[in-house]
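Chain order of the listed sequences is A and B.
This note's numbering puts the first sequence at residues 19 to 410.
This note's numbering puts the second sequence at residues 41 to 382.
Be aware that a few hints might be false.
No farther apart than 27 Å at their CA atoms in a straight line, the calculated lysine-lysine pairs in the DSS-like style are these [as the list claims (entries may be wrong)]:
(1) A/Lys200 to A/Lys408
(2) A/Lys254 to A/Lys242
(3) B/Lys286 to B/Lys357
(4) A/Lys129 to A/Lys242
(5) A/Lys134 to A/Lys254
(6) A/Lys200 to A/Lys242
(7) B/Lys275 to A/Lys408
(8) A/Lys408 to B/Lys286
(9) B/Lys275 to A/Lys200
Hints were generated in silico from the structure; no laboratory data involved.
Quantities reported herein were computed from a predicted structural model and do not represent experimental measurements.
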Amino acid sequence: MDFRDSPEEAEFRTELRSWLLANLPEGWADRAPEAGRGDFEFLRAWGGKLYDAGYVGLTWPAEFGGRGLSPVYQAIYLEELARLNAPNHPGVIGLNMAGPTIIAWGTDAQKQRLLKPLLSGEEIWCQGFSEPGSGSDLAAGRTSAVLDGDHWVVNGQKVWSSYAHKADWCILVVRTDPEAPKHAGLSYLVVDMHSPGVEVRPLVQITGDPEFNEIFFTDVRVPKESILGAPGDGWKVAMTTLLHERGTLGFALTAGLEGTVNRLIELVRQPGPDGRRPADDPVVRDAVAREWIEMQSLRFTNYRSLTALLETGVPGPEGSMVKLAWSEANQRLTAFAQSLIGLTGQISDDAWWNGYWQYQQLRSRGNTIEAGTSEILRNIIAERVLGLPKGR
Amino acid sequence: MDFAFSAEQEQLRGFAREFLAERYDDVRLAALADSETGTDGDVWPRLAEMGWLDGDLTFLDQAVLFEETGRRPLPAPFFSTMALAAPVFDEKLRAETGAGGLRATLAWAEPGVPQGLLDTAGLSTREADGRITGQKVLVPDGHAVDLLVVTTPEGLYAVDAADATITPHTAIDGTRRLADVRFDGAPARRLADLSALTAIRERAQAAAALEAVGVAQRALDLLVEYARTRQQFGKPIGIYQAVSHKASDIYVRLQEARSLAYWAAWCVDTGDALAGRACLAAKAHATESAVLACEQAIQGHGGIGFTWEHVLHRYYKRAQWLQAFDGAPRTQRAELAAALLD
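Whenever a hint applies, use it, and build me the whole structure from the sequences.
The following block contains the structure:
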């Protein structure tokens with residue numbers, strides 16, 4: 019057992035930190051916190067810079083444009099970003115979900131065409147899994163694809179698709195065999211979002227930001243070869259996507275939480291809107307310590323999970339666990355921060371801390387819903403980890 | 041970066057688990073807890089034979105044993121000897137302990153003054169001319185040891201149990217009882233400065249956290265086993281999310297606690313700069329989680345979980361002991377808050 023960086027890891031960390039300090043916009047680390055996700059074109063350019071410097075696709079095989087490093091380096095990357103509050107590459111759906119799925123299931127031609135622009139941020143990806151009638155129950159999706167000559171003709175509707183309004187490509191789960199049993203009738207397509215018949219309508223979230231979207235497909239013609247796996251493999255391919263979603267998620271989430279805990283510490287040490295310093299209140303002190311402990315517990319759970327991943331090659335169940343615990347921690351922490359500024363937290367023009375806590379608190383309510391609801395994650399833990407009987 | 045125990049440590053864990061499960065099934069554990077002394081008088085030489093008392097075990101080796109002796113409580117002063125007293129042993133005492141000839145504990149708390157391990161300001165037990173006079177309370181396993189390490193403003197001293205007046209209490213946790221101890225000019229040998237208490241406390245907090253992880257694991261195991269097999273309305277109760285989701289939540293808490301406890305153990309083992317914070321965090325989280333795990337396991341069992349006959353209350357009481365040891369979790373959080381905020 020040893021958590022210290024190896025000499026190579028330490029060198030990577032130092033280099034990355036200097037690179038970030040040299041390349042982030044001036045004054046980045048000291049700037050005031052902001053609400054919302056910021057300027058997408060800035061983020062896209064930033065993704066390109068990270069790519070040119072070799073910090074994107076760290077764990078991907080070299081033949082697909084990655085560096086073939088162990089997941090430890092990805093963890094260091096995420097930690098260092100969080101420490102400087104630096105933004106990540108905006109192509110997260112592509113990097114964490116579409117890319118690994120293409121590597122696992124794609125043809126050589128698909129890998130050639132799709133992977134490089136995905137890494138560089140030139141092409142942005144979105145995910146078409148959920149539908150109005152099937153959220154947690156993914157296999158109940160009804161969006162259809164029917165073969166017509168050399169094309170699949172896609173009709174239907176997807177929902178909750180983050181980045182769809184910016185996306186060039188979509189990983190899309192469709193029903194290709196309406197006669198087959200629920201899971202066996204699905205296929206997994208890669209769809210050009212600029213195709214005729216694709217319509218994206220932004221959905222405004224409770225934060226006021228249009229972060230996710232509805233996607234409507236009306237007679238969209240998708241080349242026959244734009245499929246991952248064989249027709250009918252859709253469920254298996256989708257499971258690869260979700261495994262990768264949860265496999266690499268823990269570090270990113272916890273790194274973000276570390277940043278938020280540090281912000282909370284900053285908040286309580288300053289005089290609040292009423293002139294009093296929250297850090298002088300023992301109840302506040304207890305709560306801050308509790309959140310710090312929780313954050314550390316998730317950090318070290320990630321390390322344990324990483325060690326297991328390095329030994330077995332398969333992400334452990336801790337991915338679901340960390341996501342579940344993180345989402346509740348983030349909700350508790352941000353609501354607590356809002357409670358410290360009282361009614362002032364309700365003012366959104368000239369807002370306290372530029373509205374950072376208002377935004378974070380409202381946004382956090384999505385955390386227990388997106389990427390697997392807490393109810394589904396508890397089912398996964400109960401059934402797959404603890405071996406309790408299946409409820410369905 | 042490597043967050044796994046070594047193959048040797050995992051082997052030690054395997055042996056320990058087997059030994060404890062075989063020697064202390066739930067029935068025997070209950071009988072020992074309800075016995076006159078609450079201890080298994082014959083086990084100590086066996087522990088020495090197995091190397092559990094060796095002075096050259098690293099703290100990470102011991103960590104494995106602390107966790108396993110939480111999973112199956114060991115009715116002997118192992119925690120008291122290894123976590124509370126041994127950190128200030130000299131060569132001679134270490135050798136005696138390793139050979140199985142010495143059980144020990146720490147006597148630090150006094151009545152009417154703050155009773156944390158580092159609260160030394162109000163101590164009135166005094167050493168003079170190699171003799172100790174005063175009164176200590178809440179001494180873990182005080183009735184079951186050969187030697188007491190005693191805190192005084194002058195430092196830490198070793199006193200033979202035979203030279204002290206020891207009054208055992210009956211206690212909630214039958215296998216880890218507490219005693220009052222009086223010293224009336226008892227012959228004493230100096231072991232260390234008072235500052236050594238910091239190292240003792242780190243080890244004790246990490247050990248308590250590790251033991252709590254073992255306790256929480258067993259409580260979860262019992263809950264899961266029961267939820268799988270107990271049928272109501274024609275189905276195993278684990279099929280109902282009101283039951284299964286509670287088990288999932290306990291699993292999450294347990295894994296968090298385990299991560300913190302291993303972090304703390306590693307910090308103590310390597311003398312990491314964050315050892316103090318890691319031990320505070322681990323102790324607060326893990327002991328609280330163990331209490332919660334036992335409470336949910338009792339609830340999940342219904343009436344049978346609330347009986348003296350069922351083993352769960354033994355774990356619950358150990359969890360409560362650990363939670364109360366050296367101050368409730370909010371005490372550790374207050375100290376952490378000072379480190380983070382002041």
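Going down the list of hints, with the structure as the test:
Between the alpha carbons of A/Lys200 and A/Lys408 the distance comes to roughly 18 Å, so the proposed pair stays at or under 27 Å and holds. At most 27 Å may separate the alpha-carbon atoms for a hinted pair to count; A/Lys254 and A/Lys242 meet this at roughly 19 Å. Of the pairs offered as hints, the one joining B/Lys286 and B/Lys357 holds, with about 21 Å between alpha carbons and a cut-off of 27 Å not exceeded. For the hint linking A/Lys129 to A/Lys242, the alpha-carbon distance of about 16 Å falls within 27 Å, and the restraint holds.
For the given pair, A/Lys134 sits about 25 Å from A/Lys254 by alpha-carbon distance, which is consistent with the 27 Å threshold. Restraint check for A/Lys200 and A/Lys242: satisfied, since their Cα atoms lie roughly 22 Å apart, inside the 27 Å limit. Pair hint B/Lys275 plus A/Lys408 holds up; C-alpha atoms about 11 Å apart against a cutoff of 27 Å. Under the criterion of a C-alpha separation no larger than 27 Å, the hint pairing A/Lys408 with B/Lys286 is consistent with the structure, at around 15 Å.
Restraint check for B/Lys275 and A/Lys200: the C-alpha separation of about 26 Å stays at or below 27 Å, so the hint holds.
Hint check: no violations occur; every hint is consistent with the structure.
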